[in-house]
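Residue numbers (our numbering), protein chains in the order written: chain W, 67 to 422; chain V, 67 to 422.
A couple of the hints might just be wrong.
Identical copies carry no separate label here, and so any pair may be met within one copy or between two of them.
Below 25 Å or equal to it, Euclidean Cα-Cα: the simulated SDA-like pairs (lysine to any residue) are [stated by the list, open to error]:
hint: 1; residue 1: K183; residue 2: K413
hint: 2; residue 1: K243; residue 2: N386
hint: 3; residue 1: K413; residue 2: L141
hint: 4; residue 1: K403; residue 2: S373
hint: 5; residue 1: K403; residue 2: C356
hint: 6; residue 1: K183; residue 2: Q405
hint: 7; residue 1: K243; residue 2: F284
hint: 8; residue 1: K403; residue 2: Q300
hint: 9; residue 1: K403; residue 2: R418
hint: 10; residue 1: K183; residue 2: E224
hint: 11; residue 1: K413; residue 2: D376
hint: 12; residue 1: K183; residue 2: K403
hint: 13; residue 1: K183; residue 2: L414
hint: 14; residue 1: K243; residue 2: L141
hint: 15; residue 1: K183; residue 2: P281
hint: 16; residue 1: K403; residue 2: A363
hint: 17; residue 1: K243; residue 2: A195
hint: 18; residue 1: K183; residue 2: A363
hint: 19; residue 1: K183; residue 2: F240
hint: 20; residue 1: K413; residue 2: F357
hint: 21; residue 1: K403; residue 2: N386
hint: 22; residue 1: K243; residue 2: R325
These are computed hints drawn from the structure, not numbers from a lab. The model shown is predicted, which means the values in this text are computed figures rather than measured ones.
2 protein chains.
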Amino acid sequence: MYRDFYTVIPAGGAGTRLWPLSRAHRPKFLLPLIGGRSLLQLTAQRVEPFSPPDRIYTVSGAAHLASIARQLPELPEQNLLVEPGMRGTGTAITLAALLIARRDPEAIMGSFAADHKIGDTAAFRRALASAIESANEGYLTTIGIEPDRPETGYGYIERSDDRALPGAYFAHRFVEKPDLATAEQFLANGRYLWNASMFVWRIDVFLSEFERAQPELFAALQRIADWWEDDRRQEDIERAWLDLPVTTIDQGLMEHVDRFVVVPVEMGWSDIGDWKGFSELVEADADANCFQGEVIAEEANRCVVWSEQDRPVALVGVENLAIIDLADALLVVDREKAQNVRAIVSKLERERPDLT
Amino acid sequence: MYRDFYTVIPAGGAGTRLWPLSRAHRPKFLLPLIGGRSLLQLTAQRVEPFSPPDRIYTVSGAAHLASIARQLPELPEQNLLVEPGMRGTGTAITLAALLIARRDPEAIMGSFAADHKIGDTAAFRRALASAIESANEGYLTTIGIEPDRPETGYGYIERSDDRALPGAYFAHRFVEKPDLATAEQFLANGRYLWNASMFVWRIDVFLSEFERAQPELFAALQRIADWWEDDRRQEDIERAWLDLPVTTIDQGLMEHVDRFVVVPVEMGWSDIGDWKGFSELVEADADANCFQGEVIAEEANRCVVWSEQDRPVALVGVENLAIIDLADALLVVDREKAQNVRAIVSKLERERPDLT
């Protein structure tokens with residue numbers, strides 16, 4: 067029998083590159099994108115066979131707590147952790163691990179971002195089962211995505227050919243986002259996997275490795291965890307938290323360990339970072355268009371339309387556009403320039419903060 | 067002293083290529099496009115020094131009569147001619163000429179489309195004065211536009227070097243829309259002018275030439291003109307009109323005459339046929355964008371935005387698009403494919419006639 071499995075879902079970040087659909091008060095992970103369900107809800111649903119609701123934790127800002135509480139009504143309130151400021155996923159996950167360890171020192175935990183899409187839930191669950199097996203053996207484990215294109219927007223994990231277990235390989239390094247030529251080599255090589263920031267480990271193993279890699283940060287987080295349940299300590303927690311450095315798991319921990327294990331998987335994964343990637347959410351038609359709402363197209367290709375207005379959208383002779391048609395804003399963006407939507411949001415933050 | 071000058075404004079055609087701004091019930095010439103005034107109103111205003119309101123006639127379908135009557139309140143009601151069906155500008159203009167001839171057999175008339183834009187009114191009026199002088203001498207006269215680009219979307223007039231009067235040249239032929247290589251030759255040649263369907267002539271000269279070129283049609287139109295003021299003849303008029311062939315001035319008359327006179331002019335003319343040409347209406351900014359409504363742009367070039375919605379339109383990394391944002395429809399079109407908007411309108415005529 068395995069130890070009990072706990073899930074931590076870091077739910078930070080507004081996803082401003084999906085403006086105007088995502089807003090500061092309506093971040094990407096809360097949007098009802100797929101069959102009326104949010105990516106957060108789907109993330110919790112995917113781990114259900116492993117973590118019943120009382121073993122699922124979220125870590126978010128206070129601004130989103132109420133929405134999270136309503137979207138995941140089955141989670142106990144004390145599992146909805148609030149970070150007083152965003153200090154990176156490494157900090158958020160370690161706090162959650164410290165709190166879970168107090169409840170169950172034998173626990174295995176997995177951490178999965180709130181705003182990723184996974185098309186093939188069965189494949190995810192098979193990979194997670196393998197990762198839990200690997201974690202049970204004491205390995206720091208990650209789930210890596212088999213690339214299907216030379217993507218330059220993601221970091222990679224280089225695996226070895228040595229297996230820790232069937233379907234689970236030893237790995238020694240994370241690789242930064244490559245240029246296109248390097249990404250093409252990675253794809254041809256076959257041992258490079260996309261880093262989707264999915265981590266599975268025994269909490270005791272993780273905490274001792276993290277303490278070794280980041281002794282000061284670890285000590286500070288331990289103090290915060292000690293105070294956590296004490297209402298009189300709220301201001302101390304906030305002050306201590308805001309003094310913490312921003313730390314990711316990749317840089318704060320994984321770069322400091324000699325080896326870890328990666329479970330490769332193909333499962334229709336996407337981080338839907340911007341309007342370029344958004345079409346991976348909705349099924350495309352024969353012209354590679356993804357339409358939500360009433361759309362009439364004449365020679366339109368590779369276009370995304372998301373319309374919440376009660377009127378038709380007509381496209382004529384256009385390619386590779388994303389058109390987001392909401393009651394209070396209309397965005398038309400070339401999907402190859404999708405990352406520049408951030409510039410619009412920056413302008414609006416100064417001039418029309420009500421729209422951001 | 068010249069004879070009295072009468073203006074005829076054929077106001078047919080919905081301009082479906084400017085959908086969704088233009089509709090069957092709201093054709094291009096009625097839209098308040100420039101400073102809140104319609105192209106029809108501006109057309110009437112331009113001829114004011116030559117034709118007082120009681121000498122201006124319109125020819126339109128019944129569907130637009132009420133709007134025309136309200137937009138041009140100073141025109142006598144009997145000057146607002148209604149054609150029972152569209153049978154081409156040749157038919158419409160000849161009917162108007164026959165009716166004007168009954169009132170003033172000595173008249174000179176000019177015919178100007180209701181939906182063209184002219185930037186330089188003074189230049190137009192100078193050209194019209196020359197054309198009236200030429201018409202007074204008995205010449206069939208047209209005003210031709212000096213081309214500033216090798217346009218393939220317009221027909222041309224080839225002038226000779228022989229002058230009938232200062233600034234007025236004899237010409238012998240109209241030329242169909244050319245291909246690009248031919249249009250470039252026309253531009254280099256210097257004797258080719260755009261045909262803007264602006265005709266100026268003595269009505270007696272015109273009617274005798276038209277009778278010679280189209281004897282049967284002329285006889286039929288004369289019968290209709292005889293019946294025109296007789297209310298008991300309305301059904302006869304309608305039946306006779308609907309039996310008429312479609313005839314333009316170019317094909318019905320100008321191709322059958324040996325020579326005519328053309329007055330060349332530069333006057334910022336555009337027929338604003340579709341969303342490609344629409345930017346000639348509104349002044350462009352430094353990035354060649356023409357925006358009406360609240361627009362936030364990040365790397366947008368040569369885009370037209372016409373927004374009637376109370377919300378911002380954000381453009382990111384897009385080029386040469388027209389975006390028409392109305393309460394009941396949104397159009398996004400590549401301006402180079404603007405002529406295909408007609409295909410959308412055809413689809414809508416079957417599926418959503420309320421939107422056409």
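Verification of the supplied hints:
no.	hint	result
1	K183 - K413	neither (29 Å within a copy, 36 Å between copies)
2	K243 - N386	within (24 Å within a copy, 32 Å between copies)
3	K413 - L141	neither (37 Å within a copy, 50 Å between copies)
4	K403 - S373	both (20 Å within a copy, 23 Å between copies)
5	K403 - C356	both (18 Å within a copy, 21 Å between copies)
6	K183 - Q405	within (19 Å within a copy, 39 Å between copies)
7	K243 - F284	neither (28 Å within a copy, 78 Å between copies)
8	K403 - Q300	neither (43 Å within a copy, 61 Å between copies)
9	K403 - R418	within (22 Å within a copy, 34 Å between copies)
10	K183 - E224	within (23 Å within a copy, 64 Å between copies)
11	K413 - D376	between (28 Å within a copy, 19 Å between copies)
12	K183 - K403	within (22 Å within a copy, 35 Å between copies)
13	K183 - L414	neither (28 Å within a copy, 36 Å between copies)
14	K243 - L141	neither (35 Å within a copy, 71 Å between copies)
15	K183 - P281	neither (34 Å within a copy, 74 Å between copies)
16	K403 - A363	both (22 Å within a copy, 13 Å between copies)
17	K243 - A195	neither (28 Å within a copy, 70 Å between copies)
18	K183 - A363	neither (27 Å within a copy, 30 Å between copies)
19	K183 - F240	within (22 Å within a copy, 62 Å between copies)
20	K413 - F357	between (28 Å within a copy, 18 Å between copies)
21	K403 - N386	both (10 Å within a copy, 15 Å between copies)
22	K243 - R325	within (20 Å within a copy, 72 Å between copies)
When held up to the earlier numbered hints, the structure conflicts with 1, 3, 7, 8, 13, 14, 15, 17 and 18 and fits the remainder.
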